[in-house]
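Chains as they are written, first to last, in this note's numbering: chain G, 1 to 254; chain E, 255 to 437.
A portion of the hints provided could be inaccurate.
Calculated lysine-lysine pairs in the PhoX-like style (CA-CA distance at most 20 Å, straight line) [stated by the list, open to error]:
#1 K8/G x K166/G
#2 K193/G x K216/G
#3 K105/G x K193/G
#4 K158/G x K317/E
#5 K317/E x K415/E
#6 K193/G x K240/G
#7 K166/G x K415/E
#8 K306/E x K317/E
#9 K158/G x K306/E
Just so you know, these hints were derived from the structure itself, not from any lab.
The lines below spell out each chain.
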Amino acid sequence: MEQTKQKKLKKLLCGVLTLAFWIAVWQLAAIAVGREVILPAPFAVCRRFAALAVTVPFWRATLFSLLRIMGGYAAGVLVGTLLGTAMHFFAPVRVLFSPFLTVVKSTPVASFILIAYFIITDTVIPIFITFLMVLPMMAACVLSALSSTDPMLLEMAKVYHFSFGKKLRALYIPTVLPQFLSQALTALGFGWKAGVAAEVLCTPRDSIGKYLYEAKTYLETVDTFAYTLLIVLISLALEKLLRTLTCRVRGGAA
Amino acid sequence: MSIVFENVTKAYDAPVLENVTLQFADGKITALLGASGRGKTTILRLLAALEKADGGKAHADGKVGYLFQEPRLLPTLHAFANVRLVCNSDADAQHALALCKADALADKLPSEMSGGERQRVALARLVAFGGDVWLLDEPFSALDAATKAQIIENLMPLLRKRTVILVTHNREEAALADAIIEL
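Pulled out of the complex, with its shape left as it was, chain E reads as follows (with noise of 0.2 Å):
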């Protein structure tokens, strides 16, 4: 199993999780739908290692792509160089930004961007890393119906190559998975 994720407790201010226990498939995308401060985005920290569990086991095999809720990207670097961070050459950045209709952000800086521009620059960093895992927390929550469904097609095939743990709001989007896990 890639992805463990057995009897976690994890609190803050006020218990999030408790003695809860998920099986994700290896190979498959499971959608993890839930309320606000249900313990979605703690999930992801935890097998993310952002986060120690206060007991039970969390924790994701191989090498884990992280998609935040808020794109993350560095101020003082354009989308291009935000991408090339992560991988190994210019074209391997500017394929996952154009998989990401990301390619004519690449001279802007994240500060003359919208949320929505900023997104698909995020999604085109953990497209660059690549890795076994990807954790995506609401990736498409900032994109306009028309540009969401161009980049679920352009993504689905690398979706289908890794376990993935989908975050999201939308029933829409979590029909996309193989599992639906509801918190």
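Same shape as in the complex, but just chain G (with noise of 0.2 Å):
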């Protein structure tokens, strides 16, 4: 008990000197450049944040910006994972998907939101950009995990009349589960920043990314800094709840 106390001390002690030494760094750098509006100091970025946190618009837009990113990520898993499981079992799926899921995943993300732009209204543009990121990850991931299923397995419940439901129960949700959560995750940051990308580029009402963009062009810096702090966190924040859901559903599942 005392020893894995120690080790949790150890740990954040750890944490807290790395970070440390990387905000002396940022300090070292601003002081070097001695120009604000190219490189603002760490503690004027923190002043800064500090400022806008206590405004109705900061939190207006992270909420905003939240609710349409995180719909687009729920989407993009939801239907990836329907997408690779049809994939998997019914061939003439994957031979019409699978192209649509290469070209997906080799256009550049700018492209698409300029595409969306001439299409979609700008709100929802980030929700369709995040869950066209997310969707071909996620349906590769299903697909693949659900064909490195075990094929001994498959035949004993083929011989012992598994119907489709206890396949899925005892055999499949086993076999996909660990490597559907861990991509999930990794999902999670690109949509989260992917989304993000989509609202500077389209910059609709109440967002983070018509902030970041506004910041840019009136050489705000110190603000392009302080949303991007705010970007970091958040992402930080959402990773960490997803990775404790995730230990969760590994607990309950083992």
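With the hints in hand, could you dock these two chains into one complex?
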């Protein structure tokens, strides 16, 4: 017990020291540059961040960005899972959608954002772009995980007349779950970044991306850094949340 | 006839069975003996409809239970859950585990068991599943002599109730059968 506490304390201390090191590097770089408009100091960014954090528009932008991007992410996970499953069990679906997934995976996200800009309204674009980034990742993961199901166990399930539901519960889900959870975590980071990028290019109302774009346009570098800090903090918080959920699901499955 | 095996031909990279006809008496135990690569497991796989013959007729009527050479237990489920998956009640699963001397393993995962223990649980799963025809591929190969003797004694009444094909390398085990076919 005491050893675990000591280990945790050591890990925390290590984290704090690492953070302090990089903040010091940033501070030294800011001093060396000597111009806040190019590279603001960490203290100035934190002060601006604190000032923004007590304003209503800041929280409205945070809330709506989160809702949009997480909506796109959830839809991408759901549709990607269903598509990957359908691709595994139905060869025509696999043949039809494999090129689509390849194209989506290899096309730059900026191209999709600009194409979407002509077709759909700016508030929907971040949702659509996040969805589009997450969908092929999850579909490919589910397809690959299902394909890795042990053929010997599938034969056993056939011999013992397992229903599809029983196969799903006893065979497929335990096989797919570890890869699925790990990929969902990776897709969250990608989706969040792509969603914010879409907001920056399309500037929908009440979005972090819009404020980031405006800060860049008016050369408010401190604001640009403050909003970037917000994006990083939200990304870390989401990752932590999903990691906790993942651990719980894994614990429950075991 | 519950088992038909006539003029069967089967090849993978090389021919395994060429125009083979075998007779399996209903309600009797037939042992299949022979060196590795002679097609014993292939015969069971054809009868369990896991493979198709290249030529001839191979099928088993009724509910067919198959004990694979490997235990093939679901790795995320405990022994009891593995057995319970194929039967209708907890009592049936418990009874099957007891018959196969595996009741003490009920709460263990396959990864926590030895090879012999896993084989006992796989046998229990077959017992819980039941069926009219049993295809047994070296069912006692991983068991020590004492455990094997106890389990055979427990299972003999069940074996006598159905048509059984027993693949084995062991002549003592083959002696349990009503008929022996050497390949």
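Quick rundown of the hints versus the structure:
1. K8/G x K166/G: Status violated; Cα separation ~42 Å.
2. K193/G x K216/G: Since the Cα atoms of K193/G and K216/G sit roughly 17 Å apart, the hinted pair holds (cutoff 20 Å).
3. K105/G x K193/G: Holds, because 15 Å separates the two Cα atoms, which is no more than 20 Å.
4. K158/G x K317/E: holds (12 Å)
5. K317/E x K415/E: Holds, at roughly 13 Å.
6. K193/G x K240/G: Given that 20 Å is the threshold and the Cα spacing comes to 16 Å, the pair holds.
7. K166/G x K415/E: The hint is violated at about 29 Å.
8. K306/E x K317/E: holds (18 Å)
9. K158/G x K306/E: holds (15 Å)
Checked against the numbered hints given earlier, this structure breaks hints 1 and 7; the rest are met.
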